[in-house]
Amino acid sequence: MLGALLAICSAATFAFNNASVRRGVLTGTVGQAMAITVPLGLPIFFLVAVVSGSLGTLAGFSPKSLAALSAAGILHFVWGRYCNNRATRAIGTNLVAPIQQVNLIFTLILAIWLLGEQLTPLKILGIALVLIGPSVTMRSRRPTVEKEVSDEKITAIDAEKPVEFAPNYPEGIFFALLSATGYGFSPILVRVGLEGRGLAASVAGGLVAYIASTVVMGLVLLWPGRLRDLWAMRWESAKWFTLSGILVCLSQMFLYAAMSIAPVTVISPINRLSILFRLYFSRLLNPEHEMFGGGVIVGTLVSLTGALALALSVDALANLLPLPASILALLHWHWP
308 MLGALLAICS AATFAFNNAS VRRGVLTGTV GQAMAITVPL GLPIFFLVAV VSGSLGTLAG
368 FSPKSLAALS AAGILHFVWG RYCNNRATRA IGTNLVAPIQ QVNLIFTLIL AIWLLGEQLT
428 PLKILGIALV LIGPSVTMRS RRPTVEKEVS DEKITAIDAE KPVEFAPNYP EGIFFALLSA
488 TGYGFSPILV RVGLEGRGLA ASVAGGLVAY IASTVVMGLV LLWPGRLRDL WAMRWESAKW
548 FTLSGILVCL SQMFLYAAMS IAPVTVISPI NRLSILFRLY FSRLLNPEHE MFGGGVIVGT
608 LVSLTGALAL ALSVDALANL LPLPASILAL LHWHWP
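Heads up, the sequence shown is in our numbering, so the first residue is 308 and it goes up one at a time.
Worth flagging that the hints you see were computed from the coordinates, not collected in a lab.
C-beta: ideal position from N, C-alpha, C; glycine also.
A hint or two may mislead.
Unchecked claim - Per label pair, the in silico range of CB-to-CB distance: (1) PRO474 <-> LEU362: 39 to 49 angstroms; (2) SER369 <-> TRP538: 37 to 47 angstroms; (3) LEU354 <-> ALA374: 23 to 33 angstroms; (4) GLY525 <-> TYR476: 31 to 41 angstroms; (5) PRO428 <-> ALA366: 37 to 47 angstroms; (6) LEU630 <-> ILE419: 22 to 32 angstroms.
Using the sequences provided together with the hints, build the complete structure.
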């Protein structure tokens, strides 16, 4: 249950991060977002590792673990995040979210193939519900219309928005699918790198991932024109990118902790709840541009039911409900 709770916390903070990035890229660039959000995680993870006493666990990582964690950091924090930010800038976070659900398929296939994990009827039911819930929510949303710029606009970003937002669907869909590869493959590498060593190692593992991704980001910033673009960033964008960097760092802490104590086939589907949280945080940051109905409540309940099915073991369910032997036998089925 602790792993499921940590995964839900990761989903919530990741969703808030996406809403913050969306606000930032309205007046900033994707490169500026990357230059702030990636390196910002390094000092935060280092401080937490020192305070928690888990810094010493770095010495216990094998070369294979260090390589896997470094690759996970680059794949998730650099590749996945860049593609996600490009897609978000092109079509908005609410349109990106359902496309990215394909990363769950990548993760589950690799978890079964490489990690020897198993699918059970409870997990299959949970996965289905977690995927159906966001679909119900997204279909319930009515398209919103951008208002013309007027004196009623009260924020700097609102004042600078175009009269009408025209999504760039080819670019948005392309980069959303690319981000799904990074977000789908990286949990497998995290699971391999942490070697099931528990919560203490998860912070150290996250630190390794952020060191690798920060080094790569530093090399990118050496490219001609990148530093000039960074110094040209406006305060309004910097504020939202900084908040995003802190939130995504917290999200990764929760995710690494969850991966260290629970199977990928449980954590990754639960983490998909971020698609629901995205809608709520979008409403919080842009209430005049978001509309919600009863479908949101239905979708939330369906997805949370799926999360519960993923978190419960057959034994725990048998203790809660008086199930007949035939049902218990069916629930104990697994594949492979």
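Structure-based check of all given hints:
1. PRO474 <-> LEU362: 39 to 49 angstroms: With a Cβ separation near 45 angstroms, PRO474 and LEU362 satisfy 39 to 49 angstroms, so the hint holds.
2. SER369 <-> TRP538: 37 to 47 angstroms: The hint (37 to 47 angstroms, Cβ to Cβ) holds, given that SER369 and TRP538 are roughly 41 angstroms apart.
3. LEU354 <-> ALA374: 23 to 33 angstroms: Given range 23 to 33 angstroms: holds, Cβ gap about 25 angstroms.
4. GLY525 <-> TYR476: 31 to 41 angstroms: For TYR476 against GLY525, whose Cβ atoms are near 33 angstroms apart, the range 31 to 41 angstroms holds.
5. PRO428 <-> ALA366: 37 to 47 angstroms: Check passed, 42 angstroms falls within 37 to 47 angstroms.
6. LEU630 <-> ILE419: 22 to 32 angstroms: holds, 26 angstroms
Violated hints are absent here; each numbered hint is respected by the structure.
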